[in-house]
Amino acid sequence: MRKFVNNPNDFVPEMMAGVAAANPNLLEHQPEFQLIKRKDRPVAGKVSVVQGSGSGHEPAHAMAVGPGMLDGAVQGAVFAAPPVDACYECIKQLASDAGVLVLINNYQGDRMNWDMAVEMAQAEGVNVKSFIIDDDVAVKDSSYTIGRRGVAGNFFVIKACGAAADLGKSLDEVLEVAKKVNGQVRTMGVALSSCIPPVKGTPIFDIAVDEMEVGVGIHGEPGRRRDKTKPANEILDEMFEAVSGDGPFSKGDRVAVMVNGLGGTPISELYVLYNRAARRCEEAGYTIVRNYVGEYCTSLEMAGASLTLLKLDDELEKMLDAPAEVAARIF
Amino acid sequence: MRKFVNNPNDFVPEMMAGVAAANPNLLEHQPEFQLIKRKDRPVAGKVSVVQGSGSGHEPAHAMAVGPGMLDGAVQGAVFAAPPVDACYECIKQLASDAGVLVLINNYQGDRMNWDMAVEMAQAEGVNVKSFIIDDDVAVKDSSYTIGRRGVAGNFFVIKACGAAADLGKSLDEVLEVAKKVNGQVRTMGVALSSCIPPVKGTPIFDIAVDEMEVGVGIHGEPGRRRDKTKPANEILDEMFEAVSGDGPFSKGDRVAVMVNGLGGTPISELYVLYNRAARRCEEAGYTIVRNYVGEYCTSLEMAGASLTLLKLDDELEKMLDAPAEVAARIF
Amino acid sequence: MSDITIGNVERAIKTTADTVLANQQYFSDLDGIAGDGDFGASLASGFRLIDADLPEIDKSSIGNMLLKISMIITKNVGGCSGPIWGTGFMRAAMLTKEKQEIGLADLEQMVGAAIEGIKARGGADLGDKTLLDSLIPIHEKLKEHAEKGSSPAVALRDAAEVAERKMEEAKALQPRRGRQSFVGERATGTPDPGMVAIACILQDWCEQFGVERTPQAKELTQRSV
Amino acid sequence: MSDITIGNVERAIKTTADTVLANQQYFSDLDGIAGDGDFGASLASGFRLIDADLPEIDKSSIGNMLLKISMIITKNVGGCSGPIWGTGFMRAAMLTKEKQEIGLADLEQMVGAAIEGIKARGGADLGDKTLLDSLIPIHEKLKEHAEKGSSPAVALRDAAEVAERKMEEAKALQPRRGRQSFVGERATGTPDPGMVAIACILQDWCEQFGVERTPQAKELTQRSV
Ligand SMILES: Nc1ncnc2c1ncn2[C@@H]1O[C@H](COP(=O)(O)OP(=O)(O)O)[C@@H](O)[C@H]1O
Ligand SMILES: Nc1ncnc2c1ncn2[C@@H]1O[C@H](COP(=O)(O)OP(=O)(O)O)[C@@H](O)[C@H]1O
Ligand SMILES: [Mg+2]
Ligand SMILES: [Mg+2]
Ligand SMILES: [Mg+2]
Ligand SMILES: [Mg+2]
Chain A
1415 MRKFVNNPND
1425 FVPEMMAGVA
1435 AANPNLLEHQ
1445 PEFQLIKRKD
1455 RPVAGKVSVV
1465 QGSGSGHEPA
1475 HAMAVGPGML
1485 DGAVQGAVFA
1495 APPVDACYEC
1505 IKQLASDAGV
1515 LVLINNYQGD
1525 RMNWDMAVEM
1535 AQAEGVNVKS
1545 FIIDDDVAVK
1555 DSSYTIGRRG
1565 VAGNFFVIKA
1575 CGAAADLGKS
1585 LDEVLEVAKK
1595 VNGQVRTMGV
1605 ALSSCIPPVK
1615 GTPIFDIAVD
1625 EMEVGVGIHG
1635 EPGRRRDKTK
1645 PANEILDEMF
1655 EAVSGDGPFS
1665 KGDRVAVMVN
1675 GLGGTPISEL
1685 YVLYNRAARR
1695 CEEAGYTIVR
1705 NYVGEYCTSL
1715 EMAGASLTLL
1725 KLDDELEKML
1735 DAPAEVAARI
1745 F
Chain B
1415 MRKFVNNPND
1425 FVPEMMAGVA
1435 AANPNLLEHQ
1445 PEFQLIKRKD
1455 RPVAGKVSVV
1465 QGSGSGHEPA
1475 HAMAVGPGML
1485 DGAVQGAVFA
1495 APPVDACYEC
1505 IKQLASDAGV
1515 LVLINNYQGD
1525 RMNWDMAVEM
1535 AQAEGVNVKS
1545 FIIDDDVAVK
1555 DSSYTIGRRG
1565 VAGNFFVIKA
1575 CGAAADLGKS
1585 LDEVLEVAKK
1595 VNGQVRTMGV
1605 ALSSCIPPVK
1615 GTPIFDIAVD
1625 EMEVGVGIHG
1635 EPGRRRDKTK
1645 PANEILDEMF
1655 EAVSGDGPFS
1665 KGDRVAVMVN
1675 GLGGTPISEL
1685 YVLYNRAARR
1695 CEEAGYTIVR
1705 NYVGEYCTSL
1715 EMAGASLTLL
1725 KLDDELEKML
1735 DAPAEVAARI
1745 F
Chain C
5 MSDITIGNVE
15 RAIKTTADTV
25 LANQQYFSDL
35 DGIAGDGDFG
45 ASLASGFRLI
55 DADLPEIDKS
65 SIGNMLLKIS
75 MIITKNVGGC
85 SGPIWGTGFM
95 RAAMLTKEKQ
105 EIGLADLEQM
115 VGAAIEGIKA
125 RGGADLGDKT
135 LLDSLIPIHE
145 KLKEHAEKGS
155 SPAVALRDAA
165 EVAERKMEEA
175 KALQPRRGRQ
185 SFVGERATGT
195 PDPGMVAIAC
205 ILQDWCEQFG
215 VERTPQAKEL
225 TQRSV
Chain D
5 MSDITIGNVE
15 RAIKTTADTV
25 LANQQYFSDL
35 DGIAGDGDFG
45 ASLASGFRLI
55 DADLPEIDKS
65 SIGNMLLKIS
75 MIITKNVGGC
85 SGPIWGTGFM
95 RAAMLTKEKQ
105 EIGLADLEQM
115 VGAAIEGIKA
125 RGGADLGDKT
135 LLDSLIPIHE
145 KLKEHAEKGS
155 SPAVALRDAA
165 EVAERKMEEA
175 KALQPRRGRQ
185 SFVGERATGT
195 PDPGMVAIAC
205 ILQDWCEQFG
215 VERTPQAKEL
225 TQRSV
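Residue numbers (this note's numbering), protein chains in the order written: chain A, 1415 to 1745; chain B, 1415 to 1745; chain C, 5 to 229; chain D, 5 to 229.
Possibly wrong hints are sitting among the right ones.
Below are the DSS-like pairs computed for lysine-lysine, each with C-alpha atoms no more than 27 Å apart in a straight line [unchecked claim]:
1. D:LYS123 to B:LYS1554
2. C:LYS72 to A:LYS1554
3. A:LYS1543 to C:LYS123
4. D:LYS79 to B:LYS1506
5. C:LYS103 to A:LYS1506
6. C:LYS79 to A:LYS1543
7. D:LYS175 to B:LYS1453
8. C:LYS152 to C:LYS175
9. C:LYS103 to C:LYS175
10. B:LYS1543 to D:LYS175
11. C:LYS175 to A:LYS1453
12. A:LYS1732 to B:LYS1554
13. C:LYS175 to A:LYS1554
14. B:LYS1506 to D:LYS175
15. A:LYS1453 to B:LYS1554
16. A:LYS1725 to A:LYS1554
17. C:LYS79 to A:LYS1506
18. D:LYS175 to B:LYS1554
19. A:LYS1594 to A:LYS1644
These are calculated hints, taken from the structure and not from any lab test.
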């Protein structure tokens, strides 16, 4: 196995312990629940924003805990939603008087576990609401999902809600921000290789070196079709048309653009794609106000990339501009 | 080829164009020289810090141009040092009255091209000096190198010199900072897979799925030995002992620690390694003041990682603390 | 003789744990054909603890025992399987809180309650190619036998029969819920891992309780992909 | 007849470009055995332009032509090859700035000057398994022939002979300079790409200038790894 792994069953706990060890002042790791939380949260008067899903999508979700972002996150085993109890603890431990917003990517497992946890916490009087993110335009229903999947657009929902919560907005107001971002963000991805969950030890699907999965999901779920690979610009063009054609985008719009690596694709290739994306936006009459090129929502070491467009307005621009910091940083 | 590439010969220019397109206010791209420079540099009174090497190591080098970091960088073809002319242009265009410091990673090709360019620029009266970075403890001489190679420790030299230059230090003073960092930083890497230069189209070396190259170079050069893979902690232990045993480290030291991904290893695995590194530092009596987990100096999509230790003092801590921003960012 | 003791239930749970643990890799591999390959590991993460705790846990009633089982699953199993199996055991427990012994009619009602809970939890129904496509016809068969007053052994044999047959039939279906929906060509023709697990468990119960039955499907005889 | 015209030099350069471009993949593959596989592409990036510009460039003297060649290489070829080959051509140019025609004695001095330049540039010497291990003995052979007053054709044949033999002999060496040093086991037994390139070029010059010579090494006859 081409991986840095000890006992594969310890992979997730050890990774999360590493994240906490790298941020000793900021973060706390509770191995019983695979929970990473800010040490200084919850605080009175501020809505807590939390998330959690299967592991393997790092830096989503636990590595997105930090100032201006998530207050806490739980992760399940690789590609398996966290158990109800972990979700419940996450909500309970982060509950402030202002409430808790749970951001859920639209997967069956995540929804079920979080739904049960939210019910349990509500039954105990916690002011908690949840919101489903579903930005993936590739397929309507998919493996793991009824309706669209939640993928890299997730970052923008977190970033905006984190900023809104920092501004002291109420739970309902932060929820409105989540709805707004989700309504204006669209993503599609392409995979060039599979990935290897540590416990499985082998690739989760077969794909030839000259093939790509267009519209792949972040667990390797099939997308629109399997096809022969094409030049980078043609792949980007297909993603651009899918994303741009689906969303509420029109000439004159101000947008944020994300080229997200799926884990195994070097950043050089992501910039080759971004180069084309910038050109396509220009031709479409979209002004790129912010861009994001790197890894935000991955599938372990999968080679591949996704394109995300977010339509902006003054409010959202301010939210994206707001200060933020996460466990996975550069300096 | 599992890559987002158009014509492979256009890979480097397109990637660099993408970097500039993503930072339109900050950066300028000159395709004739594959030069990325800050639009607002040079400025009077501030030493310019530049670098350049073969492509394939992104975010080094061109993506490390930005406030508090490099003022400009040139890149050659993948794994080929930039031609003399490009190096010369980089020096000339960034030359301020305070001078230019060229940071060269110790590879034969880089040294030769930069040496010629420095001579040419000096002949024209430019105040330019160069410094050789050689932090890799794996092997004494290696492919591409007489003496040790320059690898991920490069980041710390750039960061400290960028901060020193921002403080208005003289060329000789910034050079002293480079020397100090280089004297106190040590790195060693391990590869679990090869990588595929776009023009070549096939892996540059063969390695079985259950093998690793201990002490690999960032062009896939052989290191200390080829071995069977081991659990992550044992691999980290070997890197730690090599690095810690070589450098000027002793109990009670304050250090910076970097776990650098070589391009194809997901960040989750890097945190598994960091988890162990933090433990080993604690046992050795080193206090980790700053840590860096991510990709800083890569070999395209190579699976692998390196460990870097830097011994700190008040001056260096201040330099690492100084504000900085690069093309490849998260928010 | 038509009664099922708390000891029988314990033995069935123990057997289930054995089946899940012995087939962890197989179940994950099945899940890997058209999905993310975590089904075996997910179930095992719960049943490993159940296997370890079973001798100790509250056996004051069948319901209390099943409630504990449900809680172990809910606490430790994520993905879809945690809520689905946890809910199933929970609903079955609710009907047997006071019981030390149950009959076929009780069992039929427990399975029915579990099915209702699973439907509510995951929103799936008959024909979506999930383990409900096994549980629902099994439930009907149990009802039939309960009305006829059959022995548990006969009911078990027929339930295993139904599980195997439905597993086979569902291969042709396109999954519509859970992890394998919209896999299109990739999933059509492949069995649903949850349905295979149900069939394996029932077959192993047959063996454990001395009910003679020879499985035909290679999913049951071979137990590797 | 013992003189080499500027036309001969131009033809030799054109042939060199043809050789480099035809063997780009081969040279990169050779470089890939123990290194980074860019040698062919690097050289080709320069010689592609040389090939295109050759009809137009300054041919007022052999030296001026070679200077232009050197500049194209320096400007466009990175890695080790740019400085090495650029320096070599530059030094040879310096000795022939005024010349329209040269003799073997001039050629010998040009190669000698190139060698000195390459040594100073890259710090390598005989025995480091670089193209110097070809150039140095070639230079000796040329000197011998210049002293004897041999024809350029005989000198060329012997130079090609030496290049092929040295390439073979150097396989056993461990590289000590440039990209392939410290490759240990991996590089021992494999030829140095720079030395193979020199041997290929000289063999192709033989063919171009009607010098009969049959190469033996599969590196020259096969030209693929
Ligand atoms: N909504 C649902 N209702 C009932 N059973 C379901 C549902 N979704 C999935 N399943 C069952 O669960 C099995 C997969 O479980 P598992 O791999 O743990 O879930 P995940 O989809 O989260 O990876 C499927 O084979 C199917 O039988
Ligand atoms: N210092 C040196 N002096 C002379 N020739 C050298 C030197 N270093 C390398 N070479 C030659 O250059 C060839 C490799 O060129 P190339 O692949 O372009 O360089 P790089 O090592 O930068 O990848 C080697 O085969 C060798 O013959
Ligand atoms: Mg799953
Ligand atoms: Mg090279
Ligand atoms: Mg699954
Ligand atoms: Mg090379």
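Taking the hints in turn, this is what the structure says about them:
1. D:LYS123 to B:LYS1554: Distance of about 21 Å is within 27 Å: holds.
2. C:LYS72 to A:LYS1554: violated (38 Å)
3. A:LYS1543 to C:LYS123: holds (23 Å)
4. D:LYS79 to B:LYS1506: The given pair, whose Cα atoms are some 15 Å apart, holds under the 27 Å limit.
5. C:LYS103 to A:LYS1506: violated (34 Å)
6. C:LYS79 to A:LYS1543: holds (21 Å)
7. D:LYS175 to B:LYS1453: violated (49 Å)
8. C:LYS152 to C:LYS175: Judged against 27 Å, a Cα distance of about 31 Å means the pair is violated.
9. C:LYS103 to C:LYS175: Violated: LYS103 (chain C) and LYS175 (chain C) sit about 38 Å apart, past 27 Å.
10. B:LYS1543 to D:LYS175: Status violated; Cα separation ~39 Å.
11. C:LYS175 to A:LYS1453: Roughly 49 Å separates the two Cα atoms, so the pair is violated.
12. A:LYS1732 to B:LYS1554: Not satisfied, since the Cα-Cα distance of roughly 52 Å exceeds 27 Å.
13. C:LYS175 to A:LYS1554: holds (22 Å)
14. B:LYS1506 to D:LYS175: Violated. LYS1506 (chain B) to LYS175 (chain D) sits at ~42 Å, over the 27 Å cutoff.
15. A:LYS1453 to B:LYS1554: Violated. LYS1453 (chain A) to LYS1554 (chain B) sits at ~45 Å, over the 27 Å cutoff.
16. A:LYS1725 to A:LYS1554: holds (21 Å)
17. C:LYS79 to A:LYS1506: At roughly 15 Å apart (the allowed maximum being 27 Å), LYS1506 (chain A) and LYS79 (chain C) satisfy the hint.
18. D:LYS175 to B:LYS1554: It holds: about 22 Å lies between the C-alpha atoms, which stays within 27 Å.
19. A:LYS1594 to A:LYS1644: Violated. LYS1594 (chain A) to LYS1644 (chain A) sits at ~34 Å, over the 27 Å cutoff.
The structure shown violates the earlier hints numbered 2, 5, 7, 8, 9, 10, 11, 12, 14, 15 and 19.
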